[in-house]
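Going down the list, the protein sequences come from chains A and B. Following the numbering used here, the numbering of the first sequence begins with 720 at its first residue and continues without gaps. Following the numbering used here, the numbering of the second sequence begins with 250 at its first residue and continues without gaps.
Simulated from the structure, these hints should not be mistaken for lab results. A portion of the hints provided could be inaccurate.
As the list claims (entries may be wrong) - In silico SDA-like cross-links for lysine to any residue, where the CA-CA straight-line distance does not exceed 20 Å:
hint : chain 1 : residue 1 : chain 2 : residue 2
1    : A       : Lys1038   : A       : Trp1001
2    : A       : Lys1074   : A       : Gly1019
3    : B       : Lys264    : B       : Ser354
4    : B       : Lys343    : A       : Pro964
5    : B       : Lys343    : A       : Lys1038
6    : B       : Lys321    : B       : Gln290
7    : A       : Lys1074   : B       : Lys321
8    : A       : Lys1024   : B       : Asp300
9    : A       : Lys1078   : B       : Gly352
10   : A       : Lys1074   : B       : Gln290
What the hints assert, rightly or not - In silico negatives: residues of chain B with every beta carbon more than 10 Å from chain A:
hint : residue
11   : Asp282
12   : Ala289
13   : Lys302
14   : Ile306
15   : Val357
The beta carbon of each residue, even a glycine, is placed where N, CA and C say it ideally should be.
Below are the chains, spelled out letter by letter.
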Amino acid sequence: MDSTELIPQLFRTEYRKVVAVLCKHFGFDQIAIAEDIASDAFLTAAETWGQKGLPPNPTAWLYTVAANRAKNYLKRRRVFDAKLAPQLRRSASDGATEDIEVEFSPQNINDSQLRMMFAISHPAIPPEAQVGLSLRILCGFGIDEIAEAFLTNKEVINKRLFRAKEKIREAGISLDLPGPAEIEARLGAVLTTIYLLFNEGYYSAGDNRSLRKELCFEAIRLCQMLIENVPEESKVFGEVLTNTPEANALLALMCFHASRLDARLDANGEIVLYEEQDVGLWNSDLVSKGGYFLNRSASGDRLSKYHLEAGIAYWNTQKEDTEEKWTRILQLYDILLQREYSPMAALNRTYAYSKVHGKEGAIREALALGLENNRYFYVLLGDLYTSVDDERALSNLSAALALARTPAESTSLQKRIDGLVKQE
Amino acid sequence: MDEYIVLMRLDLITKEKQPTPDQLKVYMEYYQDWVNGIIAQDKFVGGTGLDPKGKVIRPGGVITDGPFAEIKESLAGFIIIRAASLEEAVEMAKGNPILNGEGNSVEVRRINGQH
Chain A
720 MDSTELIPQL
730 FRTEYRKVVA
740 VLCKHFGFDQ
750 IAIAEDIASD
760 AFLTAAETWG
770 QKGLPPNPTA
780 WLYTVAANRA
790 KNYLKRRRVF
800 DAKLAPQLRR
810 SASDGATEDI
820 EVEFSPQNIN
830 DSQLRMMFAI
840 SHPAIPPEAQ
850 VGLSLRILCG
860 FGIDEIAEAF
870 LTNKEVINKR
880 LFRAKEKIRE
890 AGISLDLPGP
900 AEIEARLGAV
910 LTTIYLLFNE
920 GYYSAGDNRS
930 LRKELCFEAI
940 RLCQMLIENV
950 PEESKVFGEV
960 LTNTPEANAL
970 LALMCFHASR
980 LDARLDANGE
990 IVLYEEQDVG
1000 LWNSDLVSKG
1010 GYFLNRSASG
1020 DRLSKYHLEA
1030 GIAYWNTQKE
1040 DTEEKWTRIL
1050 QLYDILLQRE
1060 YSPMAALNRT
1070 YAYSKVHGKE
1080 GAIREALALG
1090 LENNRYFYVL
1100 LGDLYTSVDD
1110 ERALSNLSAA
1120 LALARTPAES
1130 TSLQKRIDGL
1140 VKQE
Chain B
250 MDEYIVLMRL
260 DLITKEKQPT
270 PDQLKVYMEY
280 YQDWVNGIIA
290 QDKFVGGTGL
300 DPKGKVIRPG
310 GVITDGPFAE
320 IKESLAGFII
330 IRAASLEEAV
340 EMAKGNPILN
350 GEGNSVEVRR
360 INGQH
């Protein structure tokens, strides 16, 4: 492998680690500088490796360059702080910066990333910015990739990230790991961010397939980190504080969903409906991994929405249409909706209802949902009316087509419409 | 959207009218299906069944074992729903499966939020 192939790959895996570790040294409010130094290290690598060839250990090489740049920066800042701005909070009394070792040990990298996760999930940062920041800082995505995932342009993302960083400064958010009580309180937000990341990959309209897949696996990686790779100091009595039943349920849920990543899009990037998916493409490793974490999530006395969704996702990994499958799915949706209403859950519940109670009843239920502004409402009705009243099926699918947001969606709907027309 | 209370009245007294445990299980499933449909419309606010036992207090400190001796229909439970109008609330309440039983009734009233 030459440097032109290796560098983008390393960027994806190492950029975030460098930024996290540097931020831990500089303070979260200096995140822009940490990013600059990290980017600079990669730029230097591109130049040097292009001319002199790859070093024996490219990752260590990057760490060393970043660490040296960081030390230089800290030295300069110390001079600035001491001579020019003694009133600044982070003053020279912090100690001699020559002593500061910028350390890239696996433990410190994990620790820094964990802190980063909690800092990004701070309530002062708006959710959309949290996802953007996570993509950039925790997953090492490029600005153009984030823009693609959000279906917007680079300027918008840059602005959003800039504002998020302003917020970090204004709110004085630090990278100190919160105390046990605060960790517990903020873990919910961390899990939400991870789930948003996953959904961004799983459902996002962007048609860069490998990018979307990578997003899903990044989310899984972060969640697994919460469960397994926790630094000693954030454990209480040896217990991993972030290894909660809820986190395990979320991980199970994401593994179950991710197991179908290869089956749900065809070679042209078009959506393959669940019923038509090739079970051979379902990833059985991910299904069993999901099962493992679902079992581990079954403790404690709190039934979270991740538990319910993981339960539904589990049944969806069972391709065969059994009565038990759909009865269970319907029950789980009913409980889920009772806890937290969402239009998507209401629509999916109605689909499960049709599998248990038949299409006629489900059509009545669907019509009562009042989701006329939701395109999936028409997709559902199109599905339910098919072979009950094909004319209505057709008009609903056409309504859905008119509201479709991506080419892949339009193609998939058009195919179903054509199929119906052919039958008539 | 206003909130409406749906009061469900059943005959809880007449012995021969009480369901067998098996029947009750089926009835409860019907009822739960109906409630779940309302939840799926995001129009469920709350509600509960009521224990058939209770006391009625009248002026002068007269306490009796519920109104059952006087009327056949006792309050069996209630749910509170969201609806745009009384008509819509009535439309939703019509689906209540207790209406399959003769003599049962459902009463819909808007909650006016004042004591």
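To see whether the hints hold, each was checked on the structure:
1. A:Lys1038 with A:Trp1001: Answer holds: lysine 1038 (chain A) to tryptophan 1001 (chain A) is near 10 Å, not above 20 Å.
2. A:Lys1074 with A:Gly1019: Given pair lysine 1074 (chain A), glycine 1019 (chain A) is violated - Cα atoms ~32 Å apart, limit 20 Å.
3. B:Lys264 with B:Ser354: Holds, at roughly 18 Å.
4. B:Lys343 with A:Pro964: Distance ~41 Å between lysine 343 (chain B) and proline 964 (chain A) Cα, so the pair is violated.
5. B:Lys343 with A:Lys1038: Violated, at roughly 37 Å.
6. B:Lys321 with B:Gln290: Violated, at about 33 Å.
7. A:Lys1074 with B:Lys321: Violated, at about 39 Å.
8. A:Lys1024 with B:Asp300: violated, 30 Å
9. A:Lys1078 with B:Gly352: Not satisfied, since the Cα-Cα distance of roughly 31 Å exceeds 20 Å.
10. A:Lys1074 with B:Gln290: Measuring from Cα to Cα gives roughly 19 Å; hence the hint holds.
11. Asp282: violated, 8 Å
12. Ala289: Label violated. Min Cβ-Cβ 4 Å, cutoff 10 Å.
13. Lys302: holds, 27 Å
14. Ile306: Answer for isoleucine 306 (chain B): holds, closest chain A Cβ roughly 34 Å.
15. Val357: Valine 357 (chain B) clear of chain A: closest Cβ-Cβ about 16 Å, beyond 10 Å.
In summary, the structure is inconsistent with hints 2, 4, 5, 6, 7, 8, 9, 11 and 12 from the numbered list given earlier, while agreeing with the others.
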